[in-house]
Structure formats: C-alpha cells, structure tokens
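Peer 1: Sequence:
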Amino acid sequence: MDPEDLHFDNERLNPNSDDDGQTPPPRSLGRESVGEAGSNIAAASTPIGVTVRSQSAQSAGTRRRSWVWVHSTIVKNYKNAEGIDLGPRAVCNYCPNTYTCSSNGGVGHIERHLQNKHKKFKHTVVGQDSGESGGIDTVGGMSNFVYSQSSMREGLARYVVAAEQPFTFGDDIRFEYFVKHYLQPLFSKVSRNTTRSDSLKAFIEVRKILISEIAALGSLVSFTSDMWSGRNNFGYISVTAHYIDSNWILNKKIIAFRLMEYPHNAMNIFQCIMGVFREFELVDKVFSITFDNHTANTSSIDLFKHNLTISHAGQFFHVRCVCHIINLVVSDGLKPIGPQIEKIRDAILYIATSPARQQEFEGLCVSYNVKPKKMKTDVKLVGIQHFLC
Numbered sequence: 001m002d003p004e005d006l007h008f009d010n011e012r013l014n015p016n017s018d019d020d021g022q023t024p025p026p027r028s029l030g031r032e033s034v035g036e037a038g039s040n041i042a043a044a045s046t047p048i049g050v051t052v053r054s055q056s057a058q059s060a061g062t063r064r065r066s067w068v069w070v071h072s073t074i075v076k077n078y079k080n081a082e083g084i085d086l087g088p089r090a091v092c093n094y095c096p097n098t099y100t101c102s103s104n105g106g107v108g109h110i111e112r113h114l115q116n117k118h119k120k121f122k123h124t125v126v127g128q129d130s131g132e133s134g135g136i137d138t139v140g141g142m143s144n145f146v147y148s149q150s151s152m153r154e155g156l157a158r159y160v161v162a163a164e165q166p167f168t169f170g171d172d173i174r175f176e177y178f179v180k181h182y183l184q185p186l187f188s189k190v191s192r193n194t195t196r197s198d199s200l201k202a203f204i205e206v207r208k209i210l211i212s213e214i215a216a217l218g219s220l221v222s223f224t225s226d227m228w229s230g231r232n233n234f235g236y237i238s239v240t241a242h243y244i245d246s247n248w249i250l251n252k253k254i255i256a257f258r259l260m261e262y263p264h265n266a267m268n269i270f271q272c273i274m275g276v277f278r279e280f281e282l283v284d285k286v287f288s289i290t291f292d293n294h295t296a297n298t299s300s301i302d303l304f305k306h307n308l309t310i311s312h313a314g315q316f317f318h319v320r321c322v323c324h325i326i327n328l329v330v331s332d333g334l335k336p337i338g339p340q341i342e343k344i345r346d347a348i349l350y351i352a353t354s355p356a357r358q359q360e361f362e363g364l365c366v367s368y369n370v371k372p373k374k375m376k377t378d379v380k381l382v383g384i385q386h387f388l389c
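Residue numbers for the sequence shown, in full-length UniProt numbering: 1 to 389.
Just so you know, these hints were derived from the structure itself, not from any lab.
Please note that a few of the clues may not be correct.
[What the hints assert, rightly or not] Mimicking PhoX-like on lysine-lysine, the simulated pairs with C-alpha atoms at most 25 Å apart in a straight line are:
id, residue 1, residue 2
1, K189, K201
2, K253, K305
3, K252, K208
4, K305, K343
5, K201, K252
6, K285, K208
7, K376, K335
8, K189, K252
9, K208, K180
10, K343, K376
11, K117, K79
12, K371, K343
13, K343, K373
14, K253, K208
15, K285, K253
16, K252, K285
17, K117, K201
Can you build the whole structure from these sequences, using the hints too?
Peer 2: Okay, here's the thing in structure tokens:
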C-alpha cells in the first residue's frame, strides 16, 4: 500500500502501549512534532515514508516554525530502498523526494524544491503554531491549507468595498478579537490606509479584467447615466454599462461614479462621459445612452452624435428614461388632489419631528385598537436617480 493512503486518528496512538514494532504507526499529513515520547516510539523497522508522531507537548525552543513543514514530513529513521538507515529525513508530502533535516541546518533546499516543483505553494506563509497537532492534519481540501496574510488582505479589501464598510473595518479591535480567537490565530489587523491601498489595487485589477472582457465583445454596449446632488451640494454623475456577453447573459456594471464639475451644462456632461468612454476603451462600442429629460442631458446628445460613430444613423442612440416619463404622468395625474397630499405630508412631518407628539400619537392609536407605526416622510425617486446617504 502506498504510504500516502495511510491516515489514522492521532488519538488512537498510545505511546505507552506494548508495541512490538510490527504495526506501522500513522503517517502525518502536516508538520512533524518531534518530541521525547516520539523518539521512544520510533523503531528501526519503521517502513519507508511512514512517520511516528508524538502527542506530548514540545518545547517552544525546538518547535520547527518554517512553512515548509506544512508540506513536508519528518521521518526520524528513514530507510532507503536497500534498507540502509539514513537517519532523520524530510519527506515531501507530494512526491518521493527526501532531504536532510538536521536541527542546526537550514530549510532553503526544501523551500527551493517546493517552489520549483510545487509552484502553487510558492508565496504561502504559515505561522509558528497551529494547535496541539503541530500542523494541519485534516482530511480533504483543508489538509493543504496555508494561511496567507496577503491573500487575507485582498479578500478583506474586496469585502469592505462590496459590503460598503469603512476602511477602518479591518482595524477594529473587536473584529481582530473575533478573528484571532474564533477563526485564525495568525490574523493581524489591517490599518485604514492599507485597506484603502488594497481596495485601489483590487479596483485596478477588476477594471483591467472588465476592459479585456468588453474588448472581446462582438456587440455594442448601452449606457445609462444620471446626476444628482449630495448633502454637501456637490454634483455627482454615474455611468452604468449594459451588455450581453458571449454566454448571452445580460451584464450591468457601474463603470464610473464621479464628481461633476460646475456648471452642470451639456459640455461638462459630454466631457465627463467621454472621459469614461476613453478610459474603458468604449469610444467605438457605444450603442445608446439613457438620460432623464433634463435640458442639459438632452443638449449633450448632439455633442455625442458629432463625436461618436453611431449605428443606425443614431435612431436608437438617445433613450429617454421611462421611469422619468411615468413620474411626469403620475405627477400630472395627482395635481387635482395635490392640496390633500400636502396636508398629509405636513401632518406626518409634524408628528415625526417631536418625540412628545409621537408618544401622544401612539397612545391615540392604542386607544382605538390600532397598531401604531413609525411615521416616515416620503422620498421622491425620479427615474434612475440615486441619493447619497
């Protein structure tokens, strides 16, 4: 049987049992803990490629700390094919190669082997200790898992951006405590500036992938754009690309979210969006643009038509936002009851702005056996508009 197929639970090994040396001890898949008890167990008849592992605690001074021991196994009395005892040898977990592993020697030769022959482990990092077992000793895909601080930072940056968390998320002491005590003891918190830098790197990588994906398209791309003002009264503009990929899947990607220079006229809108087209190499792939009915947006359409190569003579280039049109129709239909709507809004605002009036209103609801609800003012959402919180 191939020694690679051997796997036993370490707890089944009793160092104090009367072992006659005929039953091969279990082979470890992780780092080897060489202890005092282990040296008493090992026998000269240990089969090739099979190692003995001790359950006793090992002193911190002799514990092997290099990441190579996650991918190599120490055999104390290694015998070659002729049965000659070569002493302690480090056996690669992925091939038959063996190397010297004296306590006063280095591990550079083992590192070079792993990096040249098993390149997927080239940039992995592991900490000093992984628990009582002295290494990762599980079955399946987790048996080769190695913690990487750089990979963790990349994943953290992507999570922070996707979940709209602040850059200080990885620097929070409570988050650090949770991860270190319940997930990964080797975790070290990430500062705000580091998370910001990692997020920008991730954005640049994703942008390159998106540019390559769009460049490979055999079809054109449609866009929607909108402008609005934030709480600081600065103007913002967003540009969203819509396209069908080679698998006939409709994709929607926000490719720009930028500060809009004042004044918000047709020329500035045109220059801002054209800058986005050039950045993503989309100048020759524009099919249509969807705007609301703002005068500046409508005026900018002529500038796009004169500077872009547009298919079908531009008949489908300017698409007016249907939501904005529906909003105009509904607003016009509500005009006859406009005074009543304003009274309802004023009443809600009157109650919502005073805790005393809210309490009085809730008491009134209870007296009439009506479940009280929190009073909220309505927000006008027009077309494809967004609001900054």
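Peer 1: Would you mind marking each hint as holding or not holding in the structure?
Peer 2: Against the structure, the hints come out as follows:
no.	hint	result
1	K189 <-> K201	holds, 19 Å
2	K253 <-> K305	holds, 23 Å
3	K252 <-> K208	holds, 16 Å
4	K305 <-> K343	violated, 46 Å
5	K201 <-> K252	holds, 22 Å
6	K285 <-> K208	holds, 17 Å
7	K376 <-> K335	holds, 22 Å
8	K189 <-> K252	violated, 34 Å
9	K208 <-> K180	violated, 34 Å
10	K343 <-> K376	holds, 14 Å
11	K117 <-> K79	holds, 23 Å
12	K371 <-> K343	holds, 22 Å
13	K343 <-> K373	holds, 19 Å
14	K253 <-> K208	holds, 14 Å
15	K285 <-> K253	holds, 15 Å
16	K252 <-> K285	holds, 15 Å
17	K117 <-> K201	violated, 30 Å
Against the hints set out earlier in the document, violations occur for numbers 4, 8, 9, 17.
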